[in-house]
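Trainee: Sequence:
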Amino acid sequence: MNIIQSLTNPKIKKLIKLRDDKKLIETENMFFIEGINLVNEALKNNLVSEIFTLIENLHHINHIDEKVFVINEQIANKLSLTKNNQGIFATCKIETKPFNPNKNVLLLDNIQDPGNMGTMLRSAISFDFTNVIASKNSVSFFNEKVIRSTQGTIFKSHIKNVDLKYKIFELKKENYIIIGTVLNEKSLAIKELKILPESKIALLVGNEGQGISEVLKPLVDINVVITMSNEVESLNVAIAASILMHKIKDSK
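Numbers given in our numbering equal positions in the sequence shown, counted from 1, plus 55.
Take every hint as true, because none was put in to throw you off.
Using 27 Å as the maximum straight-line C-alpha spacing, the simulated BS3-like pairs for lysine-lysine come out as follows:
#1 Lys72 with Lys211
#2 Lys211 with Lys228
#3 Lys77 with Lys191
#4 Lys222 with Lys211
#5 Lys158 with Lys99
In short, the hints are calculated from the structure, not lab data.
All chains, full assembly: derive it from the sequences and hints.
Mentor: And the structure:
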């Protein structure tokens with residue numbers, strides 16, 4: 056165990072950069088996390104490289120066989136992005152679970168809001184969509200706000216950024232049914248959606264403002280719309296995706 060007392064310490068300066076710089080996350084193949092629960096979830100999944108913590112948090116950390124650095128409150132306050140600063144942070148290796156062909160796939164097209172991304176990752180694990188694949192122009196899976204809002208479920212998913220058009224072609228070759236959310240004359244109301252137990256499903260959801268990209272719309276096999284009260288014009292994309300994933304899980 057080591058002690059760091061200065062904000063100018065090279066490890067602290069690099070940690071702040073890792074927290075804020077998407078390019079550094081990619082080049083270092085590492086990401087930043089904050090909070091007792093997230094650190095312990097990352098430890099369970101063997102992702103933690105280094106831990107930075109106030110001394111009073113040491114008893115919260117399971118398996119203290121990692122590189123642990125004790126920091127002071129000044130450093131903890133500088134590192135924290137939350138109102139409820141728990142004073143514990145870690146750097147983690149970017150690794151992901153392998154693609155699970157026995158589970159459904161969630162396809163995310165140009166999702167920009169970290170909160171939406173995090174909510175959908177949590178819902179995906181809850182409803183057996185353990186494969187989550189996003190377009191390259193979506194917000195990073197390793198954005199600090201995304202990770203925090205997943206409450207650790209991100210460590211249980213297969214996650215990847217790809218060219219969605221080609222990924223959908225690959226999924227179709229593997230007999231996945233692509234379900235989208237485009238409103239047209241052939242769209243099904245959600246209550247009409249029937250899924251065979253053996254069906255392999257990939258749910259495609261689009262950008263918060265623009266929806267599914269024009270280039271991807273022709274690749275959708277079934278479009279589903281969620282019936283709503285006339286008092287509401289639309290649903291948040293994360294809420295809509297969660298409802299659809301729940302419906303698909305219950306329909307199989």
